[in-house]
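Asks: Take a look at the letters that make up each chain.
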Amino acid sequence: MKAKGELLASEKATKPLGFDVQTVREQFPILSQQVHGKPLVYLDNAATSQKPQSVIDVMTRYYSTDNSNIHRGVHLLSARATEQYEDARVKAQGFINAAESKEIIFVRGTTEAINLVANSYGRANVTAGDEVLITAMEHHSNIVPWQILCQEKGARLRVAPINDDGELVIEEFEKLVNERTKLVSVVHVSNALGTINPIRTIIEIAHRSNVPVMVDGAQAAPHTRIDVQELDVDFYAFSGHKVYGPTGIGVLYGKAHLLEAMPPFQGGGDMIASVTFEKTTYNTLPYKFEAGTPNIAATIGLGAAIDYVNRIGIERIAEYEHKLLAYGTETLSRIPGLRLIGTAREKAGVLSFVLEGVHPHDVGTILDREGIAIRTGHHCAMPLMERFKIPATARASLAFYNTTDEIDALAVGIHKVTEVFGR
Amino acid sequence: MTDLQDLYQELILDHGRRPRNFRPLEGANRGAQGYNPLCGDKVRVYVKLNGDIVEDVSFEGAGCAISTASASIMTETLKGKTREQAEDLFQTFHDLVTGREAQVNAPELGKLAVFSGVSEFPMRVKCATLSWHTLRAALSGNGEVVSTE
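Taken in sequence, the protein lines are chains A and B. Residue 87 in our numbering sits at position 87 of the first sequence; the count goes up by one each step and never skips. Residue 102 in our numbering sits at position 102 of the second sequence; the count goes up by one each step and never skips.
If you are wondering where the hints come from, they were derived from the structure by calculation, not from laboratory data. No residue lacks a Cβ here, since even glycine has one placed at the ideal position from N, Cα and C. Possibly wrong hints are sitting among the right ones.
Calculated Cβ distances over 10 Å to all of chain B for the following chain A residues [said to hold, decoys possible]: (1) Pro-39; (2) Ile-170; (3) Pro-360; (4) Pro-391.
Simulated coverage check for chain B against chain A, where a stretch passes if three residues somewhere in it have a Cβ under 8 Å from a Cβ of chain A [claimed, not checked]: (5) 34 to 42; (6) 118 to 127.
Simulated restraints on C-beta separations [claimed, not checked]: (7) B:Gly-99 to A:Ser-54: 38 to 46 Å; (8) B:Gly-99 to A:Gln-266: 41 to 49 Å; (9) A:Glu-356 to B:Arg-20: 53 to 61 Å; (10) B:Thr-98 to A:Gly-292: 38 to 46 Å.
Please model the complete structure; the sequences and the hints are all you need to start from.
Replies: As structure tokens, this is what we get:
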């Protein structure tokens, strides 16, 4: 194995990239542990991010002192729970700069948000012969709901191609927008490649033909400032657990006039104004789309996560992560036999790679024994793997609590893999 | 590194790199496809069954070192075995990789004993057993794609 110092001496001078990462790390209790006797190096942030103490504390406090159902009790606990729940909505509104808080629909996550739009907007607006347009780099969650819709309606799912660097071929995308296109749904940042799509341009192109655009922002929200008004995006979705909040909570943003016109997604309590056996009048936004008792603690936890990100500043996070990604790209590029998958000019947070002669699954197991957590597999993007003619990749995905030392540890770990496999 | 050395023994690495019986099988009268949706590993197993005897067996597919080596050594081990012996071997092998019983010394395992290290890696048990599940499907002859999930 090459010595760590020999491999990476030139970069030491650039640390710590102008960001107090040690202080940040202390705020995430999970990061200080050892796994398999080695310090945990958590590089699976695109799967789920870790949670700062402030998020954990808020959720514990909620269950310890405020737990109650929302929007229906006259008692004090219900009032407290309702207030915190609705506070979280205002925080989410601010996080993506929505015009109104009623445009923020709480859902389980990005997957449910896309399913909501496919089932509600899609079923009301897509008919036989129509088209829904996605890209070749979508996560299964932005493929399958549209497939189900198109099958049901006799509509056609169109797929805009990508190039060998993993970038959308925008000219081809533009050609695919036509009078039959009823909706465009694209990923903002690819989970498998890290590609940042030019969604502003995508939205402009679609809007020229009066086609609304849904954006899957699951991987974008943790890494970049989102301004839904500036983008003029019609629907935008993200997950709480990828922005340092809990699992089981996410946000669907929709323009109010679109949401108003849409039929409900699920029926039940809280989404109604009045019910008789003959007729039900639906509640106003956002409650029309929030049937049943929601994940209250997680919603409040998401609010705390947004507070946390705001305290650090998403721009500072993005700037540091960008440097970290550049450092990682350079470091991994020097490893013989390693090929990065996803080399777009605009990228965020993801180092996806294959190692000559070693299956990603074996890479993952060996790195795990070094304390390094990465994801291996098809990343719920099987058509994308097909596009690159690979069965799977190994993916290291970054967060602002990661360090250049951890990237160095990853490089050392990969050298260990090639050692085990006798290269 | 001890665990890793137990897992990635030289024999496994060898069969992972240069799998034996890695080809379609002429005259095969049984076959099945296996798939592990977790990691995307795919395997197709071909069997030439003569009466009750596995006369020949081969495989094709793409997978990690563990799944490829497991399929490769399985094909070597099974030739000439009866269906019942194959089934018994699967059970013994399954116990070995799941660490259910100390099967390391079961003499019938032969080369398969090299997979004893898998029991320390619960996330990899499915890699080691995919080709075996596929073999069982091939022998039972329902011809469906077998999934580990």
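Asks: Hints first: check each against the structure and report whether it holds.
Replies: We went through each hint and held it up to the structure:
no.	hint	in the structure
1	Pro-39	17 Å, holds
2	Ile-170	29 Å, holds
3	Pro-360	8 Å, violated
4	Pro-391	5 Å, violated
5	34 to 42	holds (count 5)
6	118 to 127	holds (count 4)
7	B:Gly-99 to A:Ser-54: 38 to 46 Å	41 Å, holds
8	B:Gly-99 to A:Gln-266: 41 to 49 Å	44 Å, holds
9	A:Glu-356 to B:Arg-20: 53 to 61 Å	22 Å, violated
10	B:Thr-98 to A:Gly-292: 38 to 46 Å	40 Å, holds
In this structure, the hints that do not hold are numbers 3, 4, 9, in rising order.
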